[in-house]
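**Q** Required output: the full structure, derived from the provided sequences and hints.
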Amino acid sequence: MRHISWDRIFSILVILPSALAIAVFVYGFIGWSGWVSLSNWDGLRPDLSWAGFGNYAKLFATPRFQIDIRNTVVFTVSFLTLCILIGLGLAILLDQRVRGENLFRALFLFPMAISFIVTGVTWRWLLAPGDPAAGRLTGINVLLDGLNLPLSRWYTDPTVLYIQPTSELGQFLGRVGLGFLATPTFGIPVAMFSIVIAATWQMSGYVMAMYLAGLRGIPDELREAARVDGADEWQVYRHIVFPLLRPITLSVVIILGHISLKIFDLVAAMSKKGPGFATDVPAYFMFETTFQGDHYAQGASIAIFLLISVSLLVIPYLVYSTRREAEL
Amino acid sequence: MSRNTFRFLLSLLLIGALFLSACAPPAPQPVAAPTTPPPAAAKKLEIFSWWTTGGEAAGLLKLFDMYKQKFPDVEIINATVAGGAGFEAKPALKARMLGGDPPDSFQVHMGRELIDTWVVTGYMEPLDDLFKEEGWEKVFPPGVLEIISYNGSYWSVPVNIHRANVLWYNKKVFEANGWKPPATFDEFFTLAEDMKAKGITPLALGDVGIWASTHLFEVILAGTLGAEKYNGLWTGQTDWNGPEVKQALETMAKMLEYANPDHSALSWDQANDLVIQGKAGMTIMGDWVDADNLAKKFADSGWAAPPGTQGIFVALSDTFGLPKNAPHPEQVREWLRLVGSKAGQEAFNPVKGSICARNDCDPKLFGPYLQSAMQDWAKDAIVPSLAHGAAASESWVTLINDVMTVFVTDRDVAKAQAGLAQACKDAGVCK
Chain A
0 MRHISWDRIF SILVILPSAL AIAVFVYGFI GWSGWVSLSN WDGLRPDLSW
50 AGFGNYAKLF ATPRFQIDIR NTVVFTVSFL TLCILIGLGL AILLDQRVRG
100 ENLFRALFLF PMAISFIVTG VTWRWLLAPG DPAAGRLTGI NVLLDGLNLP
150 LSRWYTDPTV LYIQPTSELG QFLGRVGLGF LATPTFGIPV AMFSIVIAAT
200 WQMSGYVMAM YLAGLRGIPD ELREAARVDG ADEWQVYRHI VFPLLRPITL
250 SVVIILGHIS LKIFDLVAAM SKKGPGFATD VPAYFMFETT FQGDHYAQGA
300 SIAIFLLISV SLLVIPYLVY STRREAEL
Chain B
0 MSRNTFRFLL SLLLIGALFL SACAPPAPQP VAAPTTPPPA AAKKLEIFSW
50 WTTGGEAAGL LKLFDMYKQK FPDVEIINAT VAGGAGFEAK PALKARMLGG
100 DPPDSFQVHM GRELIDTWVV TGYMEPLDDL FKEEGWEKVF PPGVLEIISY
150 NGSYWSVPVN IHRANVLWYN KKVFEANGWK PPATFDEFFT LAEDMKAKGI
200 TPLALGDVGI WASTHLFEVI LAGTLGAEKY NGLWTGQTDW NGPEVKQALE
250 TMAKMLEYAN PDHSALSWDQ ANDLVIQGKA GMTIMGDWVD ADNLAKKFAD
300 SGWAAPPGTQ GIFVALSDTF GLPKNAPHPE QVREWLRLVG SKAGQEAFNP
350 VKGSICARND CDPKLFGPYL QSAMQDWAKD AIVPSLAHGA AASESWVTLI
400 NDVMTVFVTD RDVAKAQAGL AQACKDAGVC K
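Quick mapping for you: the protein sequence lines, in order, are chains A and B. If you're matching positions, the first sequence starts at 0 in numbering that gives the first Met the number 0 and goes up one per residue. If you're matching positions, the second sequence starts at 0 in numbering that gives the first Met the number 0 and goes up one per residue.
Don't read these hints as lab results, they were simulated from the structure. Given the structure is predicted, the values throughout are model-derived calculations rather than measurements. In this text, a Cβ means the ideal position worked out from N, Cα and C, and glycines have one as well. No false leads were slipped in.
Cut-off 25 Å, straight-line C-alpha distance, at most; resulting in silico cross-link-like pairs (PhoX-like, lysine-lysine):
#1 A/Lys57 with B/Lys424
#2 B/Lys245 with B/Lys228
#3 B/Lys414 with A/Lys57
#4 A/Lys57 with B/Lys430
#5 B/Lys170 with B/Lys295
#6 B/Lys323 with B/Lys43
#7 A/Lys261 with B/Lys93
Sample of chain A residues lacking proximity to chain B, with all beta carbon distances greater than 10 Å (derived):
#8 Phe59
#9 Glu167
#10 Gly176
#11 Asp219
#12 Arg237
**A** Dropping the structure here:
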């Protein structure tokens, strides 16, 4: 008995320092941000008097924040979709036991080793649109021009695609009381796709690596058994491989999802808030309003909003995986 | 030693280390007690600025050299954060100041940025004794003294003056086409049409991070409203909902039609490159363009006051002050004496590409543009710059930047005007 209790004391003692540090520097500061978000702190001098949830009400009524939420949704959906499609595609190709697989794997993974700042600066140069009307071309537009393809304004394009209220669909939405859907608030900012391209370039290799690990984890016997039963290659993937890759997809969605909700560095390096906030995101707004505008309470509200939205994504996953571990 | 004893001692050590680091007394803060000189080892001077490139970094180093010659035993720490107009440096500074770790002295724009951000909130020490000892009340122009004072005290020492309202053009291109810099907005638009017809982008603009558009707007505001009404905007005496502001926004919307469409991808110096290369006709930017032109060995640069702003000097200034609880206040006072001195300003400004804040510098030390700026500085009406912290508090400027971000894209005059009026209310200046 004595030995077990010694071990227990020892393990508690060893965990204690990091537990204390995490309690203060993670949860303590989360609590502090939460408090600030409910205070009247506007201006450089801290003012922690109680303001209640008015900060949040004001935040959601701010046009810039509404645009930011729209941008985050557009970014997250397109970034995740592209990463999963490209990552899975590359993984399946590499899984065909090609020669020089190691080389390709490293090649596709390399972008992940770079920081988002470097990616952002590089893609900012590559996608710099120049001024085609004045015959001044830069970056990828030179290539597109050489191939006689239409040029893009990339991240300087202020266009927001949305359902026109005068169109048939827009009129229909108006009649059923969903007219608000036919406004730019529910549109798609074209400039955001430049950010999506850069982010996908960086992260799809990582997704590939995860799927490749998943593919290698599927026993060959299962595929063989399916083939013996007369399944063609597509059916093998459709009924055997893809269902077995579902846990991987879930992990990918969680990992990329929380990156895309919190994205800051890439946007800050590449286009900042963009033309008419076309590439603005909550984290960038938070940075500007807190440290340039001195609106500390508003900045803290955005921080808490980001925390909650990431938690909504991560906590169900944690619960799910802990339960599964408990079952095993 | 048994395994358990070893483990126990190890964990004690870990916990002890944690508590020691948490409870360690903060680094001793020298209390401002001029009677006892600080020990020799503590003689340091940390200067915080965003002067990292070209002439500005060279000018700063010149000041450091002069300081070191006088005080060879003081170690100077050059704490810089790169980024145009200090948009990256200022957040870093705020984090340090709020965290109780102020640098010894920091670069701050004269005007509301200094007063509203740091003085009203009680983070600075007054410098009245220094101004008296050095006789600065006689050598700095009254307009400048007014902008750096609050509650009857002086709070920082201006080292230079920049002019925000300058229209830069390529002399060769203008001479070849028989053009003259436009004096009115009508002339501007006639000229712009002509340039467009000849395949030259009339106005080069580089507003990544949006401040260059706010800068353009402030110049148009000054040119439309005139000095007195422009000043009234920042005190609530001029109505943001009035017809002049509307007119200024309409002028700006029209000007943007003639700007390069990729402006949100370029910085101000990249926009200036278009003028240097003859691809664009003009750019409206502060007089740091002069230093950029010199660095790029561009000798054909022409300059003029932008439309409507003849006789108006939209000014901004970099100043240094003494934060409360600065670790080495005695060294800071000597630093401030240096940046306010004639020798210091004459060494710094020709390199930085700005004019002296003092009015007794020798014009012969300066290049042709700066000499002309010195003449204008002496006779023009001096008004504060909006984009560079002189006219409005930082929180107000941030709100105006947000309005500009949308306006540059949608050019909706009515919406922008309502936004500007609301920003003035939110800033607590308008009712």
